[in-house]
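Colleague: Now for the letters of each chain:
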Amino acid sequence: MKQISFVSGKGGTGKSTLVASLSLLVQEKMLADCDVDAPNLHILLDHQVLVMEDYHGAREAVIDPGMCVKCGRCKEVCRFNAVNDIFEIIPMHCEGCGACTLVCPAGAIRLETVKTGQTYVAQTERGTFAHALLDIGAEGSGKLVTEVRKKLDQFQKDEKWVLIDGSPGIGCVVIASITGASAVVAVAEPTKSGLSDLERVLGVARHFGIPGLVCINKFDLNPEITAEIENFCNNNGFLVIGKIPYDPAVMKALQEFKTPLEAGNRRFAMEIENLWKKLEWEVGREE
Amino acid sequence: MKVAVSATGNTLENIMDQRFGRAAYFLIADPETMQIKAIDNQAASAGGAGITAAQTMVDQGVGAVITGNVGPNAMSVLKAAEIPVYRGTPDPVRKNLEAFKKGALEKIEDTVPSHFGMGGPK
Amino acid sequence: MRLAVLSGKGGTGKTTVSASLALALDSCQYIDCDVEEPNGAIFLKPELQERYEVKVPVPEVDPAKCNGCGNCARACQFHALAVIKDKALLFAEICHHCGACQLSCPTGAIHEADRVIGVVEADARGSFLHGRLNIGEPVSIPIIRELKRRVQNGLPVILDCPPGASCSVVQAIGGCDYCILVTEPTPFGLHDLKIAVALVKKMKLPGGVIINKAMNNQQMIQEFCQENGIEVLLETPFSREIAENYSRGILPVQADPAWISRLQEVYSQVERSVKK
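Chains as they are written, first to last, in numbering that gives the first Met the number 0: chain A, 0 to 286; chain B, 0 to 121; chain C, 0 to 275.
Same shape as in the complex, but just chain A:
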């Protein structure tokens, strides 16, 4: 089984639209939405939830007011300003480091595990699908990404592929989205920041020794920058596997909860088919 992770230097470059389109095209696969901060894939996939589980991704300090002697040691040592003036923990600030528990002379503080989201495994017509929804302002999303992938693993039959809708950026969620993948597909747009965003995310892939492939979305919006991106890729050993044209029909299709593929956009469909052919060949070649 091969895992392909779709990422981008910044959000909104069209990862989910691409993965949703590929979900129609690619056979024998599972799907994971690892963009846990802004999961979108479940909106486009008709799915029936098989398993929902609470996710406990953080710990928080709790002060027992009955035992507290109001000495203020916890407030002194807390580097996250998570203890207020009447010696209560402010959950949104607490990192769960436990420094306060170490200094409390009355033993009034303990760390408790807190629920920070849910993971889901669902059945869709296009294969088993896992995703997660984080509680508002919750932390620990890198671990949650891992959790989503783990949940999906448990439902593995003999699928050939896992398509991972990854996270944007270069931080912990991205790293957790790409570990163990056979290839990373970076989706970029030809904007002023497009190349530097792409360079950064491909840098992460290279740092972890995973082959990086590139898809340029809305390539015709700026032919000069598209050429720059292609040059950069040629010179640095990253293959451009797809160039998708700008098309208002994509936006219209999304407004109707459809992928451009379902909306019958021929030009778009051909590009996606070609992209998948190249991707399949490249990943096969890595063996």
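By construction, these hints were calculated from the structure, which means they are not laboratory data.
Please note that a few of the clues may not be correct.
What the hints assert, rightly or not - Pairs of lysine-lysine, PhoX-like flavour, derived with a Cα cap of 20 Å:
hint, chain 1, residue 1, chain 2, residue 2
1, A, LYS114, A, LYS149
2, B, LYS36, B, LYS1
3, C, LYS86, A, LYS191
4, C, LYS84, B, LYS78
5, B, LYS101, B, LYS1
6, B, LYS106, B, LYS94
7, A, LYS149, A, LYS159
8, C, LYS201, A, LYS114
9, C, LYS201, B, LYS78
10, A, LYS251, A, LYS1
11, B, LYS1, B, LYS78
12, B, LYS1, C, LYS84
Since the structure of chain A is provided, determine the placement of chains B and C on it from the hints.
Modeller: For chains B and C alone, kept in the frame of chain A given last:
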């Protein structure tokens, strides 16, 4: 000598878990008698799963580890503790222990990419 | 007034809105808090003259004083320390700089040393600031904290926030007077807007919405805003011209002066809402 195997379940018939830090269980076995002690590795941790798992190996006093892939953080702990790591196969734990006894398992020196404590399925 | 510009996800036009506002206002401070992908400089073209390294304290263990008790490894909730054969091993990348190890050490063998995780850069007047997280570093919050330490009082401050609704966004919007939520009229946009709205409500901050890429079909966004009592501040049209200009680093305010007064009106409306 006690040998630890990362495992998907808590018996000798369960398949070896390819992951080290995020393995479901560790089976601490005596390869001669095939007696085992299972350690549940599901503890909720905020990160650093590989480091924690490696520390568990040290605390359990194991002499060797059989697993699939090890991240660099876990590897440096195991190296510091001078615990050798052997690459097992995705087969039952019993089979891996037998292969180990015959000296048929390869020692792992390299590591899979780090994920800075966020964990990863492989 | 401190104004945070955010969206449930990236790519909806956060930087377009915040950089446009910065250009439309006569005098203000623009702070790019998206330290994983800072893009504001592309549009605002500041002359960066100041550069500060952002350092975090990580433990250093004095082997002469360490007795190998392992208390520090047990105290560290993030497993950034292991004690093997009476020697402490530190994994600095996953350290959260909380100081618990130091507190737990019975022999005073742990002190803290600085470790660089990124930079903050600014123009000479400090009216443009951005931060940059080093590749491979997982924790961006110290950089955002450093940026916010340099907020100037008495000026309109525009904070271009990271995407999403997690810890780094909480850090960026904390202490702001108003949040502008940028969205687009698709099911994705609405879903992410709901998350952003829930976050600002949880933090008890007032907020309004700017709909980017508006077509003839933004009822779903407008209905949601109406139901939740959120004002719609502005709609910018879906147009190939705006997208092409954006790709060249040109903002709507730079291409068409009519946008200046539209954005100034947005700012005045926000001011009125905050005064209420």
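Colleague: Next step is simple, just say for each hint if it's right about the structure.
Modeller: A quick look at each hint next to the structure:
| no. | hint | in the structure |
| --- | --- | --- |
| 1 | A:LYS114 / A:LYS149 | holds, 18 Å |
| 2 | B:LYS36 / B:LYS1 | holds, 10 Å |
| 3 | C:LYS86 / A:LYS191 | violated, 49 Å |
| 4 | C:LYS84 / B:LYS78 | holds, 11 Å |
| 5 | B:LYS101 / B:LYS1 | holds, 16 Å |
| 6 | B:LYS106 / B:LYS94 | holds, 17 Å |
| 7 | A:LYS149 / A:LYS159 | holds, 17 Å |
| 8 | C:LYS201 / A:LYS114 | holds, 16 Å |
| 9 | C:LYS201 / B:LYS78 | violated, 47 Å |
| 10 | A:LYS251 / A:LYS1 | violated, 32 Å |
| 11 | B:LYS1 / B:LYS78 | holds, 17 Å |
| 12 | B:LYS1 / C:LYS84 | holds, 18 Å |
Of the numbered hints given earlier, the model fails hints 3, 9 and 10; all others are met.
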